[in-house]
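Heads up: the protein sequence lines correspond to chains A, B and C, in order.
Our numbering numbers the first residue of the first sequence as 875 and each following residue consecutively.
Our numbering numbers the first residue of the second sequence as 10 and each following residue consecutively.
Our numbering numbers the first residue of the third sequence as 391 and each following residue consecutively.
Calculated directly from the structure, the hints in this document are not laboratory data.
It is possible that some hints are incorrect.
[What the hints assert, rightly or not] Here chain B is said to cover these stretches of chain A; the calculated rule only asks that three of the stretch's residues, wherever they fall, bring their Cβ under 8 Å from a Cβ of chain B:
(1) 944–950
(2) 960–970
[What the hints assert, rightly or not] Incomplete in silico selection of chain C near chain B, CB under 8 Å:
(3) Leu410
(4) Leu481
(5) Ala484
(6) Gly485
(7) Ala488
(8) Cys491
(9) Val495
(10) Ala499
(11) Asp502
Note that beta-carbon positions come from the ideal geometry of N, C-alpha and C, so glycine has one too.
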Amino acid sequence: MPINNYILLSIALFCIGIVGVLTRRNAIIIFMCIELMLNAVNLLLVAFSKMHAKAALLAGDISGTAGTDGQLFVFFIMVVAAAEVSVGLAIIVMMYRNIHSVDVNFLNRLKH
Amino acid sequence: MQNALQIVYLIPLLPLIGFLINGLGRKYLSKPMIGVIGSGVILASFILSAWVFVQVKGGNTHIAHYFDFISVGDLKIPFAFQIDQLSSLFLLIITGVGFLIHVYSTSYMQEEKTEHFGRYFSYLNLFVFSMLLLVMGANYVIMFIGWEGVGLCSYLLIGYWFKKTEYNKAANKAFIMNRIGDLAFLIAIFWIISRVGNVNFSDVFAVANGEVEFKKFSATDITVITLLLFIGATGKSAQIPLYTWLPDAMAGPTPVSALIHAATMVTAGIYMIARSNVLYSMSHLTMDIVAYVGLATALLAATIALKQNDIKKVLAYSTVSQLGFMFLALGTGAYVAAVFHVMTHAFFKALLFLGSGSVIHAMSGEQDIRNMGGLSKKLKITFWTFVIGCIAIAGIPPFSGFFSKDAILISAFVKSPILYGIALFTALLTAFYMFRLLFITFTGTFRGTHEQEHHLHESPAGMTLPLIVLAILSIIGGFVGVPEVFMHGGDKLSQFLAPVIKPGEIHHVSHSTEYLLMGLSTILVLVMIVAAWFKFRNYQRTEETGFGKVLENKWYVDELYDKIFVQPLHQAGGFFKSVFEGSVIDTLVNGVGKAVNYGSRQLRLLQSGQVGSYVLLMVLSMILIFAVQFFIRK
Amino acid sequence: MNIIQILFWFLSVVAIFSALMVITSKNPVYSVLWLIVTFFSISGHYILLNAQFLAIVNVIVYAGAIMVLFLFVIMLMNLNKETEPQKNRWLKMAGAVAGGCLMLVFVAALKDAGLKDQEAMVNEGDIGLIKNLGKELFTTYVVPFEISSILFLSAMVGAVVIGKKE
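Put together the whole structure using the sequences plus the hints.
This is the structure in structure tokens:
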């Protein structure tokens with residue numbers, strides 16, 4: 875499978891995520907869009923990892939470890955993402971408790 | 010015993026350490042401690058210098074190269090010390106006289122607060138460090154560092170009592186006048202670099218002597234360089250036209266006047282010219298100018314000194330006058346005589362200044378000799394040492410001043426009898442004003458207040474001991490340069506300095522003429538002293554009139570400078586302040602401020618506080634960055 | 391067109407379609423559900439790339455744990471209504487245009503990247519198996535792995551502290 879296909883797919887998912895962040899006002903949906911973007915990147919990393927594995931194989935490297943780094947990277951991204959989601963959702967819950975809304979437009983305190 | 014020359018770096022380093030300890034610890038150290046450290050480092054330097062001197066006398070000279078101070082392209086300026094006959098002699102003078110004055114200062118400055126006491130000694134140590142750097146440097150740049158360093162210390166010490174505005178003004182005056190000379194010195198250094206490619210004394214003199222291929226000084230080069238160096242020297246050594254700072258510099262504590270403004274710093278110019286004698290000997294024009302400027306300064310300062318009433322001012326003008334003599338010697342090619350006079354002058358002028366310090370101390374700060382008189386009864390040691398100093402400076406054999414002054418007069422005579430005549434006249438004036446000072450101060454009846462009379466006392470041992478040592482030196486210091494006519498091979502100084510200063514063919518005077526000249530000057534000086542005795546032994550206060558008033562007001566030179574330089578500058582400054590500053594600079598500065606203010610007011614609208622708009626901006630900037638990265642950069 | 395290609399295109403279309411549905415659904419609950427579909431299709435891609443370990447972790451962690459957390463939060467706040475006030479239309483348009491521009495720039499950049507002849511290894515190669523990844527994880531990456539446990543701990547403490555009523 876040409877790597878370009880995977881790259882294009884990832885770009886598409888990533889940009890959909892960005893459009894979501896830009897157009898929605900619901901904090902939870904924005905948060906979900908961020909997760910979507912993270913996943914697009916993960917997919918790309920895995921695809922690249924396999925690309926390197928193939929390149930190494932063609933170059934005559936039979937140890938078979940080329941590309942593992944990329945997949946482990948994805949693993950760590952998931953770890954961080956899980957932690958991030960737990961804290962992020964806690965923040966959203968607190969925000970809802972304080973202003974009874976999850977609309978980011980109410981969060982204009984940065985102005986002051 | 011070769012190793013004395015290996016540790017020469019300790020000679021300047023020790024005063025620097027003393028400066029750091031006293032400067033940083035001035036609030037924590039006790040006064041005796043500060044005094045011991047301040048004087049001790051100088052004593053150590055003196056012992057090392059003496060050791061080095063013995064080595065050099067044995068024929069060992071040395072250029073100690075430590076590191077490259079500046080290294081740009083082909084130009085390398087090493088941080089190196091040159092230890093030879095000339096510099097080792099100056100080392101002895103500086104550290105020896107310096108040590109005595111440090112000891113003297115511990116008593117003289119006793120009434121200062123501990124903190125200021127420490128400040129004083131740290132400045133003094135820094136001064137000695139800079140002065141040592143000046144004479145030890147093996148090239149013009151290191152010399153210039155020391156040159157600037159002594160200028161700075163002079164400034165700091167003149168303004169030591171910084172609470173008095175006029176003292177600060179005197180310090181500023183000294184510093185600014187020195188700057189004028191320093192600029193010329195700096196230009197001379199640049200000129201040398203452009204012609205020679207470096208500034209080491211040995212290389213420069215080799216080029217001047219034509220020992221180096223492809224590099225040569227033209228006659229113009231030599232004249233310009235020597236003239237510029239001489240202008241530098243007029244600043245530091247207080248010659249016409251830059252001499253007016255030295256009398257004002259008497260605002261500093263008296264030991265400072267003795268050390269900096271009589272014995273060492275002001276002789277830096279003579280040292281520099283003596284060091285560069287190879288260059289100077291090649292330019293007759295410069296030599297003539299140096300001689301005439303020196304003589305004119307000597308005469309002018311001597312006439313002013315006739316009518317001054319401040320004990321330190323008299324000595325200050327006397328110093329200017331003696332420096333003029335030294336320049337006269339330099340200008341007539343008698344470099345050795347100039348160095349000789351530097352040495353003897355260091356002894357007797359330091360003695361006189363310290364003596365005046367002792368008098369001022371006894372008079373509780375009074376400096377006006379019209380309020381003194383009859384002090385010889387109370388201040389016996391001070392009186393007798395002062396007498397010795399006066400005899401030495403007047404030039405009566407066999408005191409030290411006689412030999413050095415005689416050497417200068419003879420060389421002036423060789424150049425032209427007219428020069429000799431004026432120089433002799435100036436020497437007579439010297440004798441007259443010095444003994445006027447002596448008689449007004451020490452003889453007759455006391456003219457001050459009763460409290461002062463009651464307070465009169467001889468100074469403590471810390472002050473009288475240096476006086477005695479310097480008095481002995483003033484008596485015997487001349488015997489290193491006994492003229493050939495008295496004793497064959499008696500002129501040890503010339504022989505010693507011969508490797509650095511080539512003995513010129515100046516002694517064309519027959520022995521009988523020389524005897525005649527000496528006899529003449531001695532008799533006339535004695536006549537002057539007797540005249541002074543009759544005129545001033547019972548001095549009563551009188552107002553000066555006519556020509557005397559002109560002299561008392563120093564020929565109105567300060568006022569003249571004020572009219573010619575200071576006031577036009579002030580007016581120009583005022584003009585620029587009111588016109589240029591207001592309409593151009595202010596508009597510019599305020600305009601920038603207003604523009605920023607307006608711009609930020611507009612930019613503030615972007616800060617909506619909406620998270621969404623921030624994210625949008627972020628994405629837009631990301632697009633921009635990617636676009637630049639991938640499309641525009643290629 | 392062999393089976394692998396068919397699967398790739400199918401999964402890609404599902405992923406993009408469901409992603410679009412995530413950002414266009416009015417009801418947040420639907421968004422979550424569509425996001426789960428996206429994640430499943432991405433997991434499918436992982437399997438296609440023979441990255442079985444990541445595929446399973448993705449399903450368990452993302453589609454399982456994280457999305458359930460999202461659902462919980464939405465239901466806790468009773469947001470499962472189409473009550474979201476709409477953004478300013480122009481701002482929405484600007485957002486969409488900006489996203490599109492970014493995509494254009496990316497694609498244009500891809501043209502210059504020189505990856506045309508590179509291929510990803512599909513349906514073969516064993517680097518994605520648990521055995522290989524585990525060996526690497528517990529040798530070379532053991533320190534980051536242990537540190538990530540501290541990250542989890544601190545995230546947990548943080549979430550509790552933030553979520554606690556004062």
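Identify whether the interface hint at Leu410 (chain C) stands, where standing means a beta carbon of chain B within less than 8 Å of its own. violated (18 Å)
Given Ala499 (chain C) was flagged as interface, is its beta-carbon under 8 Å from a beta-carbon of chain B? holds (4 Å)
When the least beta-carbon distance from Val495 (chain C) to chain B is tested against 8 Å, hint result: Holds, because the Cβ-Cβ distance from Val495 (chain C) to chain B comes to roughly 5 Å (cut-off 8 Å).
Agreement of hint Gly485 (chain C) with chain B interface, Cβ distance less than 8 Å: holds (6 Å)
Go through the hint on Asp502 (chain C) and say holds or violated, using the shortest Cβ distance to chain B against 8 Å. holds (6 Å)
Less than 8 Å between beta-carbons is the criterion; does Ala484 (chain C) satisfy it with respect to chain B? Hint on Ala484 (chain C): holds, closest Cβ of chain B at ~6 Å, below 8 Å.
Using 8 Å as the Cβ threshold, decide whether Leu481 (chain C) counts as touching chain B. With Cβ-Cβ at 7 Å, under 8 Å, it holds.
Does the stretch 960–970 of chain A contain three or more residues whose Cβ lies closer than 8 Å to a Cβ of chain B? As far as the stretch 960–970 of chain A goes, the hint is violated, because 0 residues have Cβ atoms under 8 Å from chain B.
Does Cys491 (chain C) hold up as a contact with chain B if the rule is Cβ-Cβ below 8 Å? holds (5 Å)
Outcome, coverage of the stretch 944–950 of chain A by chain B - at least 3 residues whose beta-carbon is closer than 8 Å to one in that chain: violated (count 0)
With a cut-off of 8 Å, does the beta carbon of Ala488 (chain C) approach a beta carbon of chain B closely enough for the hint to hold? holds (5 Å)
When held up to the earlier numbered hints, the structure conflicts with 1, 2, 3 and fits the remainder.
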